[in-house]
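**Q** Based on the provided sequences and hints, a complete structural model is requested.
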Amino acid sequence: MTQAPMEEHEKDVEKEEENEFKGTFIAVMLLGLFLIASWVGVWILFLIR
Amino acid sequence: MNMHKYEKIWLWFGTVTLLVFLTVVGISAFYMGNQPPSCAVTIDPAKAAKEAPFNEPGLKQIGDNEYQLTVLASAFHYDVGEPDGIVEIPKGATVHISATTSDVIHGFELAGTNVNMMLEPGYISTYTNTFKNEGTFTLLCNEYCGTGHQTMAATIKVVD
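First to last, the sequence lines map onto chains L and F. Number 49 marks the last residue of the first sequence (the numbering used here); no jumps. Number 1160 marks the last residue of the second sequence (the numbering used here); no jumps.
All clues given are correct.
Below, a sample of chain L positions facing chain F; criterion: calculated Cβ distance under 10 Å:
| hint | residue |
| --- | --- |
| 1 | Phe-21 |
| 2 | Phe-25 |
| 3 | Met-29 |
| 4 | Ile-36 |
| 5 | Leu-45 |
Derived from the structure by calculation, the hints contain no laboratory data. Ideal Cβ positions, reconstructed from N, Cα and C, are used throughout, including at glycine.
**A** Quick look at the structure:
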């Protein structure tokens, strides 16, 4: 009986952590896409010149 | 080790991106032959103007749609073998460029193309380029070489 509330509590913590890192994840992915876009841009410039 | 799901995704993303970049660069360098300018050949800068091929700078046809362009740079001038400093290259031609300097370090940038070299006294810089696009391109010095640096230029015309 004492274990059920504990598990629920752990799940809550996990969910909270996920929400906490969502913004970081999106920001870092946007940075990644920016890096790819600039790399591809320079590469295309090299190929067409 | 307990690693967050998002961190794992990001690490995979970074690793795969790096591998893709390296593969593209590898294919470009070793299959397509895109190499940086070479400067492995040496020359005495004081005698460069009298030694072949720099005693006769300019554009010479060496094959079918293939040319050799020899340029001797000095403060503050590019000797491209033409009195008006304008070289005409047919569109689509492959040009092997050889250039050197008879005095100080000069740049060799053909603005708007991939041709961009450093000319160092004592070394012959070479680069091969295929001129795919028509147009007038300015050859300019991008290494500060003295008081006349900004006047140092020549013109390459790629004509159809």
